[in-house]
Amino acid sequence: DQQVKQNSPSLSVQEGRISILNCDYTNSMFDYFLWYKKYPAEGPTFLISISSIKDKNEDGRFTVFLNKSAKHLSLHIVPSQPGDSAVYFCAASVYQGGSEKLVFGKGTKLTVNP
Amino acid sequence: DAMVIQNPRYQVTQFGKPVTLSCSQTLNHNVMYWYQQKSSQAPKLLFHYYDKDFNNEADTPDNFQSRRPNTSFCFLDIRSPGLGDAAMYLCATSKTETQYFGPGTRLLVL
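For the record, the sequence lines run as chains A and B. Just so you know, the first sequence maps onto residues 1 to 114 in my numbering. Just so you know, the second sequence maps onto residues 1 to 110 in my numbering.
No wet-lab data here; the hints were simulated from the structure. In this text, a Cβ means the ideal position worked out from N, Cα and C, and glycines have one as well. A couple of the hints might just be wrong.
Listed below are the simulated DSSO-like cross-link pairs for lysine-lysine, each with C-alpha atoms no more than 27 Å apart in a straight line [stated by the list, open to error]:
id, chain 1, residue 1, chain 2, residue 2
1, B, K44, A, K109
2, A, K5, B, K44
3, B, K95, A, K68
4, B, K38, A, K106
5, A, K106, B, K95
6, B, K52, A, K71
7, A, K5, B, K38
8, A, K56, B, K38
9, A, K54, B, K95
10, B, K44, A, K68
11, B, K44, A, K106
12, A, K109, A, K71
13, A, K5, B, K95
14, A, K109, B, K38
Rough simulated footprint, nothing fancy, chain B against chain A, three-plus residues with beta-carbon under 8 Å [as the list claims (entries may be wrong)]:
id, segment
15, 28-35
16, 43-57
Sample of chain B residues with no beta-carbon within 10 Å of chain A, all distances over it, derived [to be verified]:
id, residue
17, N7
18, Q11
19, G16
20, S22
21, T26
22, V31
23, T60
24, N63
25, S72
26, F75
27, R79
28, G84
29, L108
Bound conformation, chain A alone (with noise of 0.2 Å):
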């Protein structure tokens, strides 16, 4: 039962155009939203997070929307550059047991082409 979904195992893109990465969700419990980046052989690296209170959050290139009517959220990077590739892991944060627990997405492997 996967309360975190991306639905896309990758995705490829040319350098400078967008790259739109997507995930839904199931459970409305969730309070926090966040997307990691992986890179082969190295542990995931936090790139940006939203709060269930709000429907965008930006930073730099990276702007993550939120639609909590259809439970989805989108991570949107412009320009995409070659340096972008790797996997990005939807994560959701539910308050349980004393502390904020993730639920992960299996992750959607972006290649940025040169």
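We have chain A already, so just place chain B on it with the hints.
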């Protein structure tokens, strides 16, 4: 730089031979987590510590144990590794909703 450190980066063990993976942090975060990640899958939470309070996930096998002797260190003990336990093991820390991950330890079981 404040960080999360995992040692070793690669660990080879034999079927049934106990193995310990270690994690340390300089962030002074009160929560530490252990995840298991298999190829092309989402990281799966095994357990976490809130300070010294241990929280086990319901589906974490008894074969997996953890120790947190102080704020900075946390250990993952696999008592009798099976072939199915070969995976990347990720340690993370947090103070709020954002978790910060170490580089992971790749475990190979022969």
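Hints, one by one, checked against the model:
1. K44(B) - K109(A): 18 Å, holds
2. K5(A) - K44(B): 14 Å, holds
3. K95(B) - K68(A): Given that 27 Å is the threshold and the Cα spacing comes to 25 Å, the pair holds.
4. K38(B) - K106(A): Given pair K38(B), K106(A) holds - Cα atoms ~10 Å apart, limit 27 Å.
5. K106(A) - K95(B): 24 Å, holds
6. K52(B) - K71(A): 35 Å, violated
7. K5(A) - K38(B): Judged against 27 Å, a Cα distance of about 17 Å means the pair holds.
8. K56(A) - K38(B): 32 Å, violated
9. K54(A) - K95(B): 21 Å, holds
10. K44(B) - K68(A): 25 Å, holds
11. K44(B) - K106(A): 10 Å, holds
12. K109(A) - K71(A): 22 Å, holds
13. K5(A) - K95(B): Between K5(A) and K95(B) the Cα gap is close to 26 Å, so the pair holds against 27 Å.
14. K109(A) - K38(B): With Cα atoms ~15 Å apart, K109(A) and K38(B) stay inside 27 Å; holds.
15. 28-35: Since 3 is at least three, the answer is holds.
16. 43-57: Answer holds; 5 residues pass the 8 Å Cβ test.
17. N7: Correct as stated: the minimum Cβ-Cβ distance to chain A is 13 Å, above 10 Å.
18. Q11: 14 Å, holds
19. G16: Holds, because the least Cβ-Cβ distance between G16(B) and chain A comes to about 27 Å, which exceeds 10 Å.
20. S22: 14 Å, holds
21. T26: 15 Å, holds
22. V31: Given that some Cβ of chain A is not farther than 10 Å from that of V31(B), nearest at about 5 Å, it is violated.
23. T60: The assertion about T60(B) holds, with a minimum of 13 Å to chain A.
24. N63: Label holds. Min Cβ-Cβ 21 Å, cutoff 10 Å.
25. S72: Correct as stated: the minimum Cβ-Cβ distance to chain A is 17 Å, above 10 Å.
26. F75: 17 Å, holds
27. R79: 23 Å, holds
28. G84: It holds; G84(B) is separated from chain A by about 19 Å at its closest Cβ, greater than 10 Å.
29. L108: Its Cβ never comes within 10 Å of chain A, the nearest being 14 Å, so this holds.
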